[in-house]
Every structure is written in structure tokens, then in C-alpha cells.
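Q: Spelled out from the first residue to the last, the chains are:
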Amino acid sequence: MTTEQRLEQLREQAWDKGIVAGRGVDVTGGPIPRRSGYYGQPVVKPPVWTSEIPIYFFIGGFAGMAAVIAFAGLIFHEIDLARTAMSLATIGAVLSPILLTIDLGRPRLFLNMLRVFKYKSPMSVGAWIVFAFGACVIPGLIALELGTRYSFGGGTDQFLKIFAHLLVIGSAFWGVLLATYTGVLLGVTAIPAWFLHRVLLPIHFGSAGLGSATALLELLGHRVAPLSALGFLAAAIETALWIWLEIDKHGAADRALHRGLPGWLIRGSEFLSGPLALILRLTNLVPLAAIAFLLGAFISRFGWIEAGKVCGRDPEAVFASQG
Amino acid sequence: MAEDFRAVTARRAKCGETMIGEGTQSTNQRRHNYVQENVEVGFFTDPTVCIGCKACEVACKEWNEVPDDGFTWIGNSYDNTGRLGASTWRHVLFLEQDCQKGNQITGLMGLSDAQSEDPFRWIFLSDVCKHCQEAGCLEACPTGSIVRTEVGSVFVQNDVCNGCGYCVVSCPFGVIDRRPQPLPDAGGAFKCTFCYDRQKSGLVPACAKVCPTESIVFGRLDDLRARASQRVEQLKQSGYEDAQLYDPQETSVRGIHAFFLILGEPEAYGLPPKPQVPTIYLKSAWTSALLTSIAALIAVLGAFLFFG
Numbered sequence: 000m001t002t003e004q005r006l007e008q009l010r011e012q013a014w015d016k017g018i019v020a021g022r023g024v025d026v027t028g029g030p031i032p033r034r035s036g037y038y039g040q041p042v043v044k045p046p047v048w049t050s051e052i053p054i055y056f057f058i059g060g061f062a063g064m065a066a067v068i069a070f071a072g073l074i075f076h077e078i079d080l081a082r083t084a085m086s087l088a089t090i091g092a093v094l095s096p097i098l099l100t101i102d103l104g105r106p107r108l109f110l111n112m113l114r115v116f117k118y119k120s121p122m123s124v125g126a127w128i129v130f131a132f133g134a135c136v137i138p139g140l141i142a143l144e145l146g147t148r149y150s151f152g153g154g155t156d157q158f159l160k161i162f163a164h165l166l167v168i169g170s171a172f173w174g175v176l177l178a179t180y181t182g183v184l185l186g187v188t189a190i191p192a193w194f195l196h197r198v199l200l201p202i203h204f205g206s207a208g209l210g211s212a213t214a215l216l217e218l219l220g221h222r223v224a225p226l227s228a229l230g231f232l233a234a235a236i237e238t239a240l241w242i243w244l245e246i247d248k249h250g251a252a253d254r255a256l257h258r259g260l261p262g263w264l265i266r267g268s269e270f271l272s273g274p275l276a277l278i279l280r281l282t283n284l285v286p287l288a289a290i291a292f293l294l295g296a297f298i299s300r301f302g303w304i305e306a307g308k309v310c311g312r313d314p315e316a317v318f319a320s321q322g
Numbered sequence: 000m001a002e003d004f005r006a007v008t009a010r011r012a013k014c015g016e017t018m019i020g021e022g023t024q025s026t027n028q029r030r031h032n033y034v035q036e037n038v039e040v041g042f043f044t045d046p047t048v049c050i051g052c053k054a055c056e057v058a059c060k061e062w063n064e065v066p067d068d069g070f071t072w073i074g075n076s077y078d079n080t081g082r083l084g085a086s087t088w089r090h091v092l093f094l095e096q097d098c099q100k101g102n103q104i105t106g107l108m109g110l111s112d113a114q115s116e117d118p119f120r121w122i123f124l125s126d127v128c129k130h131c132q133e134a135g136c137l138e139a140c141p142t143g144s145i146v147r148t149e150v151g152s153v154f155v156q157n158d159v160c161n162g163c164g165y166c167v168v169s170c171p172f173g174v175i176d177r178r179p180q181p182l183p184d185a186g187g188a189f190k191c192t193f194c195y196d197r198q199k200s201g202l203v204p205a206c207a208k209v210c211p212t213e214s215i216v217f218g219r220l221d222d223l224r225a226r227a228s229q230r231v232e233q234l235k236q237s238g239y240e241d242a243q244l245y246d247p248q249e250t251s252v253r254g255i256h257a258f259f260l261i262l263g264e265p266e267a268y269g270l271p272p273k274p275q276v277p278t279i280y281l282k283s284a285w286t287s288a289l290l291t292s293i294a295a296l297i298a299v300l301g302a303f304l305f306f307g
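Chains R and W, in that order, give the protein sequences.
Number 177 in numbering that gives the first Met the number 0 belongs to position 178 of the first sequence; there are no gaps in the numbering.
Number 218 in numbering that gives the first Met the number 0 belongs to position 219 of the second sequence; there are no gaps in the numbering.
Treat the hints with care, as some may be off.
Stated by the list, open to error - Label pairs and their calculated CB-CB ranges:
hint	chain 1	residue 1	chain 2	residue 2	range
1	W	Lys273	R	Glu245	49 to 57 angstroms
2	R	Thr282	W	Glu264	38 to 46 angstroms
3	W	Asp241	R	Leu113	21 to 29 angstroms
4	W	Gly238	R	Leu113	33 to 41 angstroms
5	R	Val93	W	Gln180	44 to 52 angstroms
6	R	Ile141	W	Leu202	54 to 62 angstroms
7	R	His76	W	Arg147	50 to 58 angstroms
8	R	Glu7	W	Pro181	54 to 62 angstroms
9	W	Ile279	R	Arg34	28 to 36 angstroms
10	R	Tyr149	W	Pro181	25 to 33 angstroms
11	R	Ile161	W	Asn37	38 to 46 angstroms
As the list claims (entries may be wrong) - Covered by chain R, per the in silico footprint, the following chain W stretches (three or more residues, Cβ under 8 angstroms):
hint	stretch
12	26–40
13	133–142
14	148–154
15	209–219
16	241–248
17	273–284
Stated by the list, open to error - Okay, derived cross-link-like pairs now, PhoX-like style, lysine-lysine, Cα gap no bigger than 20 angstroms in a straight line:
hint	chain 1	residue 1	chain 2	residue 2
18	W	Lys100	W	Lys208
19	W	Lys282	R	Lys117
20	R	Lys248	R	Lys308
21	W	Lys282	W	Lys60
22	W	Lys60	R	Lys119
Honestly, the hints are just simulated from the structure, not real lab data.
Backbone N, C-alpha and C define an ideal beta-carbon position, used for all residues, glycine too.
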């Protein structure tokens, strides 16, 4: 604390020596903020994506896996289930490109996505997956509905059946990729919280998609044993992934996943779609389990994007991941 | 005063002497045919001669007609630019460190007997897009908007970019960004163009052209690398023991076209110590995704087979 005496002392010193040494010229004690990196400025750029992207991850996830369930339903003669599942897939196939287009900085140039194919860019591969999925799912649903509702007689029915089968097989193929590539999309970036978990992310997004598709079909009234089994499986995998994420910590590099808003979002979502959904299923409260899983799968996508934003703003995370 | 200075400069120029750097002999002031001859070019940025005038920032903004990015006061030393971004393609860092700069005599203007306990150095460094040999943004771009030019630089074709934002998270140096509304050309991704338009006409990039101390040097990449290692040796002999080149050639980025001489560690400059191009993660991520896909197909078919 500076007193009057101290000011007098400084004046004396100035008179005597012509220069004053004191805390005022002490750099280390000066007001330079000691923050890591360059004044705490981010080293990498946080994602610019807004809420459309996590919503798309959720919708694309359940739509893709619904196509797989439709394929299995068709093979095992559960035609009603297959039709509902294909409707879900179609909703996703229509909404996904719309959401992706809205998120673009220049939406009217969205077709430029299909200008080239670059296998090294998960965004390019993903755009083609979304396109191929839509191209299979939408005519697939039409063929399936026409084939079950109407009888045209002769070879037309047979042709429609084969056509529908082929398109549903295509939908299932592109569907699994649609549900899992989003994990690659986040994993192949410069954001430490994402690339450090590039193996976990596709598994998580895939199982979240599978569980969501199952949950939606169950809520729509398809309470069949295979779906129940898949519901158990997805909830069990989510529980395991939660444990994996808690064990596989990388210190400062991925601390965004474990603290603050994204930490709570991810923990909360894993609790909902992991242990909670599992317990609710075991106690036979299937609709509640389905809702818990859906909520968890939805929130989780927001959690991961938010973690990328927090991690991208944190210079220490980048240094820690490269140390 | 100004007239005196000009007179001295003119006299020296007449005698073939130059004030600083290589003057009129510098590659910064010469016309060239690098684009036509497909010569790899680069920037070598040397903070030990930078005076922090920000002429490079201004020249870049003016030539490229880059809009302002907000007149915010952040006050980190003399830096109010903050960091590179969609509308900041050159950024002069003002680094304050409490350590010695070369053989600098610190302390109370030599009046005190003390070998000072308060060493202090102020470093200026003009940061820019690194134009990586393996560029994360270029690999990530799904529209083919980002391309490699004849001179080895990385160029964003503004009319092709649809603003997906994937390059933003793929740049290991955090350079490229999407320009927000309501700025002109908003929505697209922007970064340093290496003044490709000027280079095509045989001109030197605007920032290098205006740099008064040749802290930014433009030229052939091989020449610059040789010159830079010479400069490091020279500085080390003059007591700058922590002088080193920042040109990550041993990581997956495989070298950068705009490289830097730095004093101390790269972290202090906000430069990643071991930058990696994200494509090295492709293999493990896709393996996981494909195995998950196969597992999901098997699980669904199995569930219907055993429980159906």
C-alpha cells in the first residue's frame, strides 16, 4: 500500500539519484496478464456451426439406422415395421439436407458440395452419403408403399417388389454410413477434444442412432422383441462408452468434455441414454426408456459440438495435445 | 528532421549503400515470373528486425479490400488486432516477455550497478497464413474451393466456397475463418491469398512490398530457407541463444511456405509446437466408423433372427 511517506521517499530518491527504482518498473509484478499462449488467444479456431448441425447429427443418426431396421424388417417379413422405419428414414433424408443447407454460410451455393468427390474430406464423403441415402430412401419408400397398398397385377408387382428390396438394401448401406460418418467428421479435425476421441465418436454416434431409431419405432407402437433387444444393446453400449470416456481422459487436452456446460451436457446425456434407459428397460418401462434414450442422444450431439467450441478457444488444450 | 533523413538516404543510395536490408536489391522490390515458372515461393518473417509498425496489416487490408473486423480495444500490449481471422490476414503480435533479448543490457539505464533482475523484451512478429505443404483446410474443403497454386500457396476461390465451415476446424494453426454477417462477402471462408493476383502480374505480395525493415521477406522458398538458417546462426553468434526457425517440417504438415524466425518457444506466439494435418486421423476414425457400421448391420439382423 502506498502511503504519504512512500511518496515522499520516491521524491527524495528522484532528487538524489535521478532515477526511481520500484514496483512501478517491475515487469514481473506489472499488469501483464500471465495467460497461456499469446495472451490466452485461441490457437485453433472453434467451429462456426450453429444448432442445425447437432440436430442434423441426431436426425441423420436415427434415420440412417431406421433404414437398417427397415431392411431387417423386410427380410424377416415384418412389412409394417419396415414401412414405418422407411418413413422415419425418409423424414431424415428430407430434413438432413435442409438442415445442412441452412447452416451453410452461403446456402444458395449448397450444390457446390456435389461439385467434387474428395475421399480425404469427411465433409465431402458425408455430402455424397446424404445424397445417396436420399436417392435410395425416398424412391424406396414410394416403391414399398405402392407394392403393399396396390395390386397392379402381372409382372409389375414382382418388379415393384424387387425394386423396393434393392432400394431398401441401398438405404441400409448408406444409412449405417450416415449414422457413423458424423463421428469421423468431428474426429478428423484440429480440435483436440474431438480428434483424441476419433475412435469413440463413430461408435457413439452409431449406437445413439440405432437406439434412437429403436426408441422412435417403439414409441410409434412397434413393441416387438427384436426392437427390445436392440434397445437393450444400445443402452448397454452407451453405458460402456460413458465409462470409456471417463477412463480415457487426456488432461488439459480434452478437459472441455469433463467440465463446464459441455461436460454437464455430455454426462447428462450419457446418463439418460446409458444407465437410466437400461434400468427403465429392465423394469419394463419401455416408453420411458425410449424417451430417456432419445433425449440423451439429442443432448449428446449438442454436448460434443459445445465441447469443440470450448476446446477450440482453449490454447492450453492444443499445447497439451501436442506436448 | 525529415528532410535530413531523406538527404542521408539519397546520398547513401547514390553511393550504392542502403540503409537497411537489401533495399532496392531486395527480392521484396523486384518483379518476378514465379507464377509462370512454377517456382515455389515463401515468406520469411523475422521478428528481430520488426518494428511493429503494422504497415503489413494496413497494406493487406487496402490491397485486398478486406473489411474491418470491429474496432474493439483489447489492449494486449500494442496489439488491438487480436488474431488472424476471416478479415485479418496479417496480424502483428506484440509479445512482452520477462527475459533477455540477445546481449541486451537491462536494468536502470546502466546507472545502477545491478545486473538487472528485471530483464524485459518486446517482440513483434507479423503472423500470417502458413500455406502448409500438407494443408488441413485444402484437404477438408468439400467443394474444391481451396486449391494449391503454381507457386505452392493455398488459395480460396471465393466464388466457389459455400461456407460449410469445415476448413475452419481443420486448420492446425487456426488461420482460416468464416466471415460473419453483415460484412461484405459474408458467409464465405477467407484467409491470406498470398496476393496471388499480384504474383500473377509479377508483383510482390503487398505486405512484403511495404515492410520497411524487410522483416517480411518474399522470395523463392529454397533461397529463403537458406537465408533463414544463416540468420539464425548470425543471431546465435550475437547472443540470441533462443533464436530458432519455426518451420515444422518433421510433423505431418511437412513444412510451411510462410515460416518464421522466433525467439523462445512457439507457444508464446500462439503457434502450435507440433502442428498436425487432421488427415492423419482419417485411418483410425474411418476404421472405427466402418467396423461400427458392420457391427450395427449384424446386430440388427441378429436381433431379428434370434428374437423375431
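Q: All hints are to be evaluated individually against the structure, with a verdict given for each.
A: Results for each hint:
{"no.": "1", "hint": "W/Lys273 to R/Glu245: 49 to 57 angstroms", "verdict": "violated, 27 angstroms"}
{"no.": "2", "hint": "R/Thr282 to W/Glu264: 38 to 46 angstroms", "verdict": "violated, 57 angstroms"}
{"no.": "3", "hint": "W/Asp241 to R/Leu113: 21 to 29 angstroms", "verdict": "violated, 50 angstroms"}
{"no.": "4", "hint": "W/Gly238 to R/Leu113: 33 to 41 angstroms", "verdict": "violated, 58 angstroms"}
{"no.": "5", "hint": "R/Val93 to W/Gln180: 44 to 52 angstroms", "verdict": "violated, 27 angstroms"}
{"no.": "6", "hint": "R/Ile141 to W/Leu202: 54 to 62 angstroms", "verdict": "holds, 59 angstroms"}
{"no.": "7", "hint": "R/His76 to W/Arg147: 50 to 58 angstroms", "verdict": "holds, 54 angstroms"}
{"no.": "8", "hint": "R/Glu7 to W/Pro181: 54 to 62 angstroms", "verdict": "holds, 57 angstroms"}
{"no.": "9", "hint": "W/Ile279 to R/Arg34: 28 to 36 angstroms", "verdict": "holds, 29 angstroms"}
{"no.": "10", "hint": "R/Tyr149 to W/Pro181: 25 to 33 angstroms", "verdict": "violated, 53 angstroms"}
{"no.": "11", "hint": "R/Ile161 to W/Asn37: 38 to 46 angstroms", "verdict": "violated, 54 angstroms"}
{"no.": "12", "hint": "26–40", "verdict": "violated (count 0)"}
{"no.": "13", "hint": "133–142", "verdict": "holds (count 6)"}
{"no.": "14", "hint": "148–154", "verdict": "violated (count 0)"}
{"no.": "15", "hint": "209–219", "verdict": "violated (count 0)"}
{"no.": "16", "hint": "241–248", "verdict": "violated (count 0)"}
{"no.": "17", "hint": "273–284", "verdict": "holds (count 9)"}
{"no.": "18", "hint": "W/Lys100 to W/Lys208", "verdict": "violated, 27 angstroms"}
{"no.": "19", "hint": "W/Lys282 to R/Lys117", "verdict": "holds, 15 angstroms"}
{"no.": "20", "hint": "R/Lys248 to R/Lys308", "verdict": "holds, 18 angstroms"}
{"no.": "21", "hint": "W/Lys282 to W/Lys60", "verdict": "violated, 40 angstroms"}
{"no.": "22", "hint": "W/Lys60 to R/Lys119", "verdict": "violated, 33 angstroms"}
Hints 1, 2, 3, 4, 5, 10, 11, 12, 14, 15, 16, 18, 21, 22 from the list above are not met by this structure, while the remaining hints are.
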